[in-house]
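Chains as they are written, first to last, in the working numbering: chain G, 1 to 424; chain A, 425 to 913.
Heads up, a few of these hints could be off.
To be verified - Facing chain G, a subset of chain A residues (Cβ under 7 Å, in silico): (1) MET583; (2) SER716; (3) PHE796.
Said to hold, decoys possible - Below, computed lysine to aspartate or glutamate pairings styled on EDC-like, alpha-carbon distance capped at 20 Å: (4) A:LYS720 / G:ASP94; (5) A:LYS788 / G:ASP86; (6) A:LYS622 / A:ASP692; (7) A:LYS788 / G:GLU392; (8) A:LYS720 / G:ASP323; (9) G:LYS97 / A:GLU786; (10) A:LYS720 / G:GLU304; (11) A:LYS788 / G:GLU363; (12) A:LYS720 / G:ASP327; (13) A:LYS872 / A:GLU782; (14) A:LYS573 / G:GLU87; (15) A:LYS788 / G:GLU304; (16) A:LYS573 / G:GLU392.
These are computed hints drawn from the structure, not numbers from a lab.
Being a predicted model, the structure only gives us computed values, none of them experimental.
C-beta: ideal position from N, C-alpha, C; glycine also.
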Amino acid sequence: MIHVAIPGICGEGLSFSYHRWEIILTVVVLLIGSIIAVKNVKKPYGKAAAAGVLLASACIFGADDLFTNYICFELVGFLSVFWLADEPDSHTSDAIKKYVGWLVITGMIMTMGMFLISHYAGTLVYSQILSGEALSGIPYYAVLACYLVGYGSRCAVVMLHSWIDSTYREESMKKGILYSVLLIPTGTWSLLRLFSSLTVDFSQWKSIAEMMGVIGGLTIVLGIYRIWTCREKGVLLGDISMLLSGGLLISVFWKASSGQSAVFCLIGYIVVIMIVYGILLKIDWKPKHSLDLEWFSAEHMLYEPLFVHALPFLFGTVFRLIDYLPDAFVALLRGTIYQDSKQKVWDKVGTPATYIVGSILDEIANLLNKTILRKRPIRKSFVNAAAVARRESRETLEIVTRSVSFGLMMFSVGMMIVLIYIMF
Amino acid sequence: MKTWMLLIPVLLPVIGGGGMYFFPIKEDRFRQCYVFGITLLNSLIVFWMLIRGVDGSFSVFHMAHGLELKFHIDGLSRVFGGILAFLWPFATLYAFEYMRHEERNNLFFCFYTMTYGICVGIAFSANLITLYMFYELMTLSTLTLVIHKLDQPSILATMKYMVYSIAGAAFAFIGFMFILHYGTTTDFVYGGVLDMSKVGGRENLLLFIFVLTVLGFGVKAAIFPFHGWLPTASVAPTPVTALLHAVAVVKAGAFAILRVTYFSFGTDFLYGTWAQQIMMGFAIVTILFASSRAVKEIHFKRRLAYSTISNLSYIIFSASLMTPFGLKGSLAHMVTHAIMKITLFFCAGAVMHQTGKEYIYELKGIGRSMPFVMGCFTIGSAAVMGVPMLCGFVSKWAIVTAAVRTQIPLAFVGMAAILFSAFLTAVYLFSIVVKAFFRTENIVEPVKKEDPNWYMKLPIAVLSGMMVLIGVWSGPLMQLLEMIAYGRL
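Please put together the full structure from these sequences, using the hints given.
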């Protein structure tokens with residue numbers, strides 16, 4: 001067994017342990033991931049990101065606790081964004097927006113799950129999380145739900161699969177295989193690792209396995225339908241990955257809680273997906289058109305209506321209104337108790353001084369217009385300009401004076417409250 | 425080290441900067457050398473003092489009723505002083521390039537440098553009256569920086585800033601008077617200074633005064649609904665918005681709130697009371713409000729200003745937990761947010777300086793012409809979002825962990841608000857990144873490289889590196905902050 005602990009990283013420290021089967025899985029993923037990344041990723045930053053994803057994926061397989069897993073899992077997600085940007089085209093910005101949206105929301109949900117575990121179980125170390133009295137009932141199911149969404153979206157399970165459409169495309173199919181080979185195994189492994197830590201007896205494990213069986217089954221059904229109606233080759237790879245992911249969930253959760261058989265299943269999945277990828281590269285896929293099931297996903301049923309439309313509209317409208325309240329209050333004060341004194345007669349705009357200065361300047365301008373500025377004469381009235389300048393400077397001074405007096409008034413009110421209190 | 429030496433980092437920038445008002449320097453290069461010399465020297469002195477430590481406090485002079493102007497260095501001073509001393513030289517370097525084509529540079533750098541000393545005064549203040557005096561001085565010295573352009577928006581922004589600041593300080597002053605009356609001293613003592621024999625029976629009154637004080641100081645920390653001055657003040661030159669309105673001024677507000685909560689009123693008195701719930705409530709509403717407003721804001725710097733408002737309330741929320749872990753989270757976010765936000769503002773300023781573009785819809789494809797700046801902006805955005813291995817994650821984690829530990833129901837609401845705010849942060853910051861790098865479909869003209877020179881690039885590069893460094897290797901920093909939060913430093 002290899003054990004590595006790095007204290008102080010990200011505040012809490014990271015810890016990894018690799019047993020025999022985890023080492024094998026890590027080596028296989030690293031090997032295949034490296035070959036694909038070197039061959040398919042073009043830009044230097046894409047290659048650097050791929051190296052980061054590979055390292056973080058390897059760390060996920062050996063994570064000793066949920067915090068370490070979370071850090072590495074999030075890193076895999078955010079670094080994999082760079083592959084979308086490897087050869088940008090007109091779809092790239094939408095794909096990235098959607099993908100990052102998924103990452104952030106699922107990250108948010110997993111964080112909640114992590115804090116629930118930390119709160120009820122008092123630890124995030126896998127071997128110490130027990131689903132006894134400390135974590136049971138509603139919190140237990142809430143944790144299951146949080147992680148099912150978090151890790152499940154990475155595995156593209158039913159309802160959480162819609163990122164496939166924007167991420168896997170014909171033009172970027174060579175990058176798509178990276179998502180299949182690296183992201184889906186890490187998601188499945190993380191689910192397995194956590195859920196096996198949350199069970200103390202066989203009946204609990206059986207209920208989780210049944211739940212995963214239903215989800216896996218639905219994922220397979222939807223995957224088959226999507227393959228049948230698929231319109232482009234890139235997405236087809238994603239759909240096949242989704243189908244295999246469903247199968248993976250069923251087989252991993254039915255066969256054992258961890259270890260040898262899980263590793264075999266994951267390696268088997270990687271081998272099959274590589275063969276499928278090789279075949280897809282060689283064949284021509286004829287587009288098909290049929291019933292659109294795109295709406296059947298959490299993104300279209302929940303995320304878009306709630307997060308993209310309803311909440312921003314609600315917060316945007318309500319908060320914008322509220323934002324104007326303090327200013328409206330000040331404006332109200334200015335219009336009432338701080339109202340400007342009423343003018344009884346209209347002010348003359350200028351003064352004798354501005355008139356004299358303006359007249360002199362006008363005469364000079366006239367003289368210049370007749371001589372050296374004949375081609376480009378000055379057509380401005382300096383009498384008017386001087387008067388307006390004086391008026392503007394007076395107004396500015398007045399505004400500043402009033403502001404100071406308003407501030408001082410507030411200060412005085414505070415002082416008075418204190419004095420009254422102290423005196424009485 | 426002699427205690428009188430605490431005066432040096434306060435007076436050096438004030439006298440050095442003030443000197444430029446009376447003896448203006450015409451040559452740009454001489455002025456830059458002079459200003460940078462003072463700033464760097466002062467930072468070195470501050471760092472030296474923070475590392476060596478100064479035993480005891482230095483009383484400058486006594487006023488009536490036991491009031492005295494007094495300085496010391498404790499844990500909190502170390503955090504705020506350290507932030508100022510680290511960031512000020514970089515911001516000054518950046519300002520040289522940014523202000524190159526602006527007018528009245530002598531006046532600008534005069535007040536800019538003086539503000540450094542005043543902020544150090546806030547950091548080193550040993551009691552409430554000293555803090556209050558320097559807090560007010562900071563308002564006055566920064567007014568001139570906001571109004572620097574002397575156009576109509578700057579004048580209006582200054583008026584707003586002045587009204588909000590002075591009104592807020594008035595409320596804070598009430599708190600000061602009550603501490604003077606009900607406290608054993610106005611000095612900052614870990615755990616609070618309230619004399620419970622005097623307080624007896626008047627707890628609710630004091631709690632009310634505490635809320636008033638927090639809201640008063642909260643004006644500078646841009647607590648909702650007293651935040652309006654901050655987005656408006658973004659008309660100021662970028663070095664001002666970056667350093668003062670994202671770091672020094674707003675953090676001074678948060679710093680003052682930490683002082684009155686943990687060192688004046690005391691958490692033993694406040695924990696579990698309605699005043700704590702109200703403080704927490706204000707912070708939670710501000711977090712949600714400002715993040716939501718940022719999403720809809722189309723002006724680059726104003727969007728960042730709303731982001732600042734939201735993040736400042738993370739600090740206040742964590743402070744409102746009133747536990748050592750809460751204080752640790754607050755301090756951690758003070759440090760990390762200072763670095764993250766100044767970087768983002770520097771990037772925004774660089775874009776405005778190089779291209780004149782101020783609105784987000786104008787930034788389409790700008791990542792191609794300014795790859796360095798927008799690359800660093802991406803790192804900063806990811807850090808503010810809380811992506812692991814970047815500094816924002818460390819502090820957000822500390823805050824949320826502290827919230828969970830308290831087991832207060834409202835703290836869980838706050839935790840949910842922070843998580844939702846992280847999603848909104850992704851929306852309002854990553855939309856800029858995506859627009860800058862990937863919305864290039866209608867751009868046909870050849871790419872002209874517009875990254876700024878090294879005066880601007882160096883601070884951005886160093887600070888981006890710091891975001892990664894703190895994110896990856898945060899152990900020593902968090903240990904230091906934990907010692908401070910437990911009053912052991």
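Checklist line | Violations among the numbered hints | finding: Going through the list in order, the structure violates hints 3, 7, 11, 14, 15 and respects the others.
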